[in-house]
Structure formats: structure tokens, C-alpha cells
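Visitor: From first to last, the protein sequence lines are chains A and B. The first sequence begins at 1 in the UniProt record's numbering and counts up one residue at a time. The second sequence begins at 1 in the UniProt record's numbering and counts up one residue at a time.
Calculated directly from the structure, the hints in this document are not laboratory data. The beta carbon of each residue, even a glycine, is placed where N, CA and C say it ideally should be. Worth double-checking, as some hints may not be accurate.
[Claimed, not checked] Now the stretches of chain B that chain A is said to cover, found in silico as 3 or more residues with beta-carbon under 8 Å:
1) 303–311
2) 394–406
[As the list claims (entries may be wrong)] FRET-style restraints, in silico, Cβ to Cβ:
3) Ala218(A) x Glu142(B): 31 to 41 Å
4) Met139(B) x Ala204(A): 29 to 39 Å
5) Ala192(B) x Glu177(A): 51 to 61 Å
6) Thr117(B) x His73(A): 25 to 35 Å
7) His196(B) x Arg98(A): 30 to 40 Å
8) His95(B) x Asp221(A): 37 to 47 Å
9) Glu227(B) x Ala157(A): 43 to 53 Å
10) Gly121(A) x Asp331(B): 13 to 23 Å
11) Ala42(B) x Gly90(A): 29 to 39 Å
12) Gly121(A) x Val409(B): 50 to 60 Å
13) Val409(B) x Ala204(A): 56 to 66 Å
Chain by chain, the residues:
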Amino acid sequence: MTASLTGVDRLGEVFAAAKAEDRAALIGYLPAGYPTVKGSLGLLTQVLDAGADLVEVGLPYSDPVLDGPVVQHAVETALRAGVRVRDTLGVVEQLAARGGRAVVMTYWNPVLRYGSGREGGGGPAAFARDLANAGGLGVITPDLVPDEASGPTGWLAAADREGIAPIFLVAPSSTDERIAATTAATRGFLYAASTMGVTGARDAVSGTASTLVARARAHTDLPIGVGLGVRNGAQAGEVAGFADGVIVGSALVSAAEHGRAAVARLTTELAAGVRGQHTGR
Amino acid sequence: MTSASSGLAGTTHEPDEAGHFGPYGGRYMPEALIAAVDEVAAEYEKARRDPEFLAELDRLQRDYAGRPSPVTDARRLSEHAGGARILLKREDLNHTGSHKINNVLGQALLTRRMGKTRVIAETGAGQHGVATATAAALMGLECVVYMGEVDTERQALNVARMRLLGAEVVPVTTGSRTLKDALNEAYRDWVASVEHTHYILGTAAGPHPFPRMVRDFHRVIGLEAREQVLAAYGRLPDAVAACVGGGSNAIGIFHPFLDDEGVRLVGFEAAGDGVETGRHAASITGGSPGALHGAMSYLLQDEDGQTLETHSISAGLDYPGVGPEHAFLADSGRATYEPVTDAEAMEAFRLLCRTEGIIPAIESAHAIAGALRLGPQLVAELGPDATILVNLSGRGDKDVDTAARWFGVVDPESLPTEPPPGPVDADGAVASGEREL
Ligand SMILES: Cc1ncc(COP(=O)(O)O)c(C=O)c1O
Numbered sequence: 001m002t003a004s005l006t007g008v009d010r011l012g013e014v015f016a017a018a019k020a021e022d023r024a025a026l027i028g029y030l031p032a033g034y035p036t037v038k039g040s041l042g043l044l045t046q047v048l049d050a051g052a053d054l055v056e057v058g059l060p061y062s063d064p065v066l067d068g069p070v071v072q073h074a075v076e077t078a079l080r081a082g083v084r085v086r087d088t089l090g091v092v093e094q095l096a097a098r099g100g101r102a103v104v105m106t107y108w109n110p111v112l113r114y115g116s117g118r119e120g121g122g123g124p125a126a127f128a129r130d131l132a133n134a135g136g137l138g139v140i141t142p143d144l145v146p147d148e149a150s151g152p153t154g155w156l157a158a159a160d161r162e163g164i165a166p167i168f169l170v171a172p173s174s175t176d177e178r179i180a181a182t183t184a185a186t187r188g189f190l191y192a193a194s195t196m197g198v199t200g201a202r203d204a205v206s207g208t209a210s211t212l213v214a215r216a217r218a219h220t221d222l223p224i225g226v227g228l229g230v231r232n233g234a235q236a237g238e239v240a241g242f243a244d245g246v247i248v249g250s251a252l253v254s255a256a257e258h259g260r261a262a263v264a265r266l267t268t269e270l271a272a273g274v275r276g277q278h279t280g281r
Numbered sequence: 001m002t003s004a005s006s007g008l009a010g011t012t013h014e015p016d017e018a019g020h021f022g023p024y025g026g027r028y029m030p031e032a033l034i035a036a037v038d039e040v041a042a043e044y045e046k047a048r049r050d051p052e053f054l055a056e057l058d059r060l061q062r063d064y065a066g067r068p069s070p071v072t073d074a075r076r077l078s079e080h081a082g083g084a085r086i087l088l089k090r091e092d093l094n095h096t097g098s099h100k101i102n103n104v105l106g107q108a109l110l111t112r113r114m115g116k117t118r119v120i121a122e123t124g125a126g127q128h129g130v131a132t133a134t135a136a137a138l139m140g141l142e143c144v145v146y147m148g149e150v151d152t153e154r155q156a157l158n159v160a161r162m163r164l165l166g167a168e169v170v171p172v173t174t175g176s177r178t179l180k181d182a183l184n185e186a187y188r189d190w191v192a193s194v195e196h197t198h199y200i201l202g203t204a205a206g207p208h209p210f211p212r213m214v215r216d217f218h219r220v221i222g223l224e225a226r227e228q229v230l231a232a233y234g235r236l237p238d239a240v241a242a243c244v245g246g247g248s249n250a251i252g253i254f255h256p257f258l259d260d261e262g263v264r265l266v267g268f269e270a271a272g273d274g275v276e277t278g279r280h281a282a283s284i285t286g287g288s289p290g291a292l293h294g295a296m297s298y299l300l301q302d303e304d305g306q307t308l309e310t311h312s313i314s315a316g317l318d319y320p321g322v323g324p325e326h327a328f329l330a331d332s333g334r335a336t337y338e339p340v341t342d343a344e345a346m347e348a349f350r351l352l353c354r355t356e357g358i359i360p361a362i363e364s365a366h367a368i369a370g371a372l373r374l375g376p377q378l379v380a381e382l383g384p385d386a387t388i389l390v391n392l393s394g395r396g397d398k399d400v401d402t403a404a405r406w407f408g409v410v411d412p413e414s415l416p417t418e419p420p421p422g423p424v425d426a427d428g429a430v431a432s433g434e435r436e437l
């Protein structure tokens, strides 16, 4: 890890390293503060140690409209226990301090309001700065589209100044025109939502995922991560067949309900999956 | 007289192409739904220029919903307003009992045009849910309504109405179990069902084009009232008052008066126990700009941008946000927004019952309370001719239980906690609630 590399550069390294091994990267999501701030740090560390290439640290938000019941329950638990935005940045900082690579997954309003109670002003620019200082590599924003992120005071400019990656989503319903605009605004990797729906483990990987990835490739050389619904090694292997990254969220959160060992077990299985070594299910 | 379709004709007060009213509005929402709102926007643009659509909307609003709604001179109520003349725009007399039907009939027609077969809605007081269930029955659409569990309890009458009309009512048990959580659930449904489902958003909020489109469907309130007041009194009102939840009835009556500089526009927000107590739902008075449920606007939030829990005796105003055009009007000063507490609203509720023989929705009682406060100020300033037009957005049948408890007009013990038993079947067993509807 070189100090002069930006978050965007280091995300590039994550995917390049996986590609050099002829495999997809494994990306694991868990919310900060679940079950406690310290507990979430332990779980995320476990995910990295058991073979994930990158983690998404979820920033708990009161109105997670793109999340299904499993993630909703976890973030509600975290919020009820009093988790703050600064705790999420703290978790990122501690992961980064031990060499872990992390991006933040957050709804937009906490970024917009970041530091509003502080002297000297806050907002997206301050969030980008503090995340970069914490060693975070990028931010996934499920309810911010690039249309609302441009302009001199916008998110794209703020992220660019700090070298962190603004990571946007494309969905099966996205038109080609929107895929082009979204990929143009995205840095690091593109997040392809495999299916029309909220987060949550599903029995089968939707057939729309590979189609969406193929459509997006026509517009970008960015690595493409596929998320929503992957829950086991076999599915991870399947997605790894057509995507550059396999993103697993709800299944890890469900495992987290059973503790660190369960998280480690699932991550190990997923890591084998993206290497084409899953034992089958 | 002006008709419902006049509201869609376009005005000199429009958002930009992307739905921004100054810094407010826009689209803060998942990419997965952008195609859907683009489709709604495009279809609405076509529909509002299509004489057939406009004629069908006018026919329904006239023959089905009962438009135009009258304006009532509330003479005995006026005595309690420092002598200011209070005129009531009677949206409570519309079919289903509130202004909500104006928007719903428009969006239901649009749903049919888009070839979709299912509609979903969020509801707080249940009035929007009832209106949506009604339109769905009328047009043969499948209908699912999301309603916070707290609201299904305090507005039980409307839950029954929706079910009688054939809608599925889903009690939402997440978060604060009120309107904001119902919106979250509706969005979650829509993301997965958008191919065949239209989301009939119930207020002038949410992502573009909803704030503008919902406003247009409600502009008929102000267009009619403006003509009615001019015709009856030869002048415009000095002030227009409305309650503000998400802001649909208020923007509907305000908008046609925007260019009438002498007409004050005053919105009344739910102050619950009082804005200073923190237990309220006054988003403009007590909030700050932020993004929630698809748009940038004022909202009640903490330092971290987490949405705050709200409180109001009125389920329809118990929401932490407000439509973006109101945020814009508030900043510009063209409209002002004031808080009204639960106690003030209930006093106005009582007064309207006793002086005019009208039981208002508790939401609308906030506007009445506002007018009672505004009256003496206007009379002091303008003299005894001062006139206030109040949007009486809905009737109070749904609130009779809440009001009866508030005023203690019945022994709370005597109010049913269990539904009364259903008919007795042949075996003498009570068949309560088990029959197929
Ligand atoms: C009678 C009535 N008035 C007002 C409202 C508040 O909504 P809005 O501010 O969109 O008019 C409601 C909402 O349920 C209502 O039922």
C-alpha cells in the first residue's frame, strides 16, 4: 500500500489482482454497528481474513428503501444501540489500519448532512475528505443517481478531489443511455443490481444479471460487481463466470446473527466459489 | 366553470426539466426506479395534451367525484375569528370524503394508459388509501395499500373501507410504524413490481414528476375556489389557508393564487405537543433541507441525517417531510408556514362541529385553527372585510373515535376494543369476520 495511491487506484488494484488469478473478486457487505460497533469491526475483519478482497461497510440509515428485511433488521438494531455516522468511519479506519480494503455503502442523506452539527461546515466534501483520511476507497450510494451528483459543489467533484471512488448502480431496468451516463460518472467499479428488487438472499441468480453485465460492458472498461441475492458458493461461482466482482450482503448479515464462526464459514465458501472451487450445493 | 383538466394546462410556475424547484425536488432514488418515473413523466406529458384523457378526467371528477365542490360561507365560525369572513372550500364533500380523490382519479387513468394492472399506495389517515382502493375498484385494477401499524389502529374505519372496496391493506411494522415507513414499504414493493405496477403516490412529494403531477391534479381546488369567491364576493380572499402534511391539498389551493400578490398563502403544519417539545411533525418550521423519499426538501432529521420520529394527533400530517414546492415557496417567502398544536387543532375541530355542523378531518382542523389565529390579525390590518379561504380538505368520520376519546364525549371503556360480533350462523355460532368479501 503506497500512500500516494488514491482510493480509486487501490480499488483498481483489487480487481487487477483478482483478474491476475483469473477469478472474480469477492466483496462482502456488513453494516457498521451490528451487533455493536466493536462486533461489526470483528465481523468485517473476519470477512477479510476468510478471503474477501474488499468489504462494503454499511452506514446504518433510518429509511433504507432498497433493503430487504434482513438488512433492515440489522441497521435498525445498530441505530437503536446508538450507532453514529462517525462510527462507520471509525470502522473503516481500523480496517484500513490493518491493511483491509473498504468502501462505504450509504444512502445519500447522511452524506449530505455530514458534520452539520460541527463548526466549519460539513456536507459531501467533508465526508469525502474524512473517508479518504480514514483510508476508505469509495462510496456506494444506492439512492443517489449521477443526475443529482454533478456540479461544482456536487458529489462527483468532492469524491474526485479526494481520490475516492463514487460507485453508482445500474439495474436491469436501466436504459442504454442511462447505463452510458452512469458508467461515465462511476469510478473504481460499477455495481450491477442483479435483479429488480431489494436486498435479500435469493434461491437462484436472476438470468437478468448476465444480460445486464453484457450491456454495461458495451459502455465501460470498469470492473463490474454483481450484487443482490447471492447467498452461497455455487451462486458466487455462477456470478464469477460473467462478472468481475461478486457482492454478498444479506447472506453475510444472516450469518452474522450466528456469530463470527458462521461468517467465516460462509466467506470461505464464497471465496472458494469465486475461484471455481465451490463444493456445490 | 373551470374543470379538473384546467389544472393540467401548464403554468408560469414550473420546476426545471429534472423536477427541481430551486434547490429542492429532483430525484434522490434508486436507479432501478428511474425508468419507471421516466415513463410516468412521459405518459403524463402526453396525457395532459390529449383531449380524450382530459375529457375522461373531467367526466369522472364531475359525475363520479362530484366536482365542483362548493364554497361555504362559515358565518358562525367567523364570529370566532375576530370577525374575518371565513370561506370553506368543501373538499370534504367529494366522493370518498377528501381532496385525495382528485389526484387518484388522474393517476388511475394514467395507470390504465400505461397498460399496468396493479396499483400500490401509501396512506397515513387512510384517505388516500380509500381513494386509491375506490379508483382501483372502479377501473378493475389490483390494489395494495401500505399503512403504518399505528395508523391502522387509529384510522380503523378507513382500513375497513379499503378492505370492503377490495384492496389488500398491509400493516407496516418497521421503524415508527407510521406514514414514512408505509412509503418505504411502497418503494420496496415498486422496485420489484414495476413492470406491471404503478405507484399512486398520495401527496405532492417524492421524485419528479410526482410533486408537479400531483399538484396539477389538485390545482382544480384553487382554480374553482378562485372563481367561486370572485363570483360571489366580487373580490379575491386576503388569505388562503391549508393544512400541510406532504402538501397536496395546500399546493392545490395555493397554486392558482401565486400570481395574486395581495393574497397571502399560509400553510399550517402539525405541531403535535408543540415544536419546542420535539414531539411534532412541522417539517418547515422545525426542520432543515435534506433528501428523503425521492426528493430534496425540508425534513425533520438529526445531526447525522437520520429521519426523526414525528408526532401528531393527525395521522395524515404525521410525516417528517414535505413536498419540494412548499420548501421553495417557504424560502422565497411567497407562502408562509406556521405550526398548529394538537390542542389547537382539536379546539378548532370542536368549534367547527358546533358552529357550522361540519365534522372535519383532524388534518383539516389544523387549517381551521390557523384561520382562527389569522382572522384577528387580518381584521386589525385590513378591517372587517378581511376574508380567509380555508381548504377543508376532508371530513371527520374517520376521526370520530379519536375525537370522542379526546373530548371524553363517551366513556372510553364503552368504545369497542374488539369488533362487534358478526351475524350468527345456522348453528348459533358467531361468524365474525370470516366471510369472504
Ligand atoms: C383530509 C386530509 N387532509 C390533509 C391531508 C394531508 O395531506 P396533504 O398535505 O398531502 O394534503 C390528508 C392526508 O391523509 C388528509 O386525509
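Visitor: Okay, Glu227(B) versus Ala157(A) on CB: inside 43 to 53 Å?
Guide: 49 Å, holds
Visitor: Between Met139(B) and Ala204(A), does the C-beta distance stay in 29 to 39 Å?
Guide: Distance hint for Met139(B), Ala204(A) holds at roughly 35 Å.
Visitor: The hint says 31 to 41 Å between Ala218(A) and Glu142(B); measuring C-beta to C-beta, is that right?
Guide: For Ala218(A) and Glu142(B) the Cβ distance comes to about 37 Å; the hint holds.
Visitor: Do Val409(B) and Ala204(A) keep their Cβ atoms within the hinted range of 56 to 66 Å?
Guide: 58 Å, holds
Visitor: I want to verify a distance hint. Is the separation of the beta carbons of Gly121(A) and Val409(B) within 50 to 60 Å?
Guide: Given about 53 Å between the Cβ atoms, the range holds.
Visitor: Quick one: are Ala42(B) and Gly90(A) within 29 to 39 Å, going by C-beta?
Guide: At 45 Å between Cβs, range violated.
Visitor: Holds or violated: the 30 to 40 Å window for the beta-carbon distance between His196(B) and Arg98(A)?
Guide: 49 Å, violated
Visitor: Is it true that the C-beta distance of His95(B) to Asp221(A) lies inside 37 to 47 Å, as the hint says?
Guide: 57 Å, violated
Visitor: So does Thr117(B) sit 25 to 35 Å from His73(A), Cβ to Cβ?
Guide: 32 Å, holds
Visitor: Starting from the hint 51 to 61 Å, judge whether the C-beta atoms of Ala192(B) and Glu177(A) obey it.
Guide: The hint (51 to 61 Å, Cβ to Cβ) is violated, given that Ala192(B) and Glu177(A) are roughly 23 Å apart.
Visitor: Has the stretch 394–406 of chain B got at least three residues whose CB is nearer than 8 Å to a CB belonging to chain A?
Guide: violated (count 0)
Visitor: Could one say that the CB atoms of Gly121(A) and Asp331(B) fall in the range 13 to 23 Å?
Guide: 19 Å, holds
Hint check: violations occur at hints 2, 5, 7, 8, 11; the rest are consistent with the structure.
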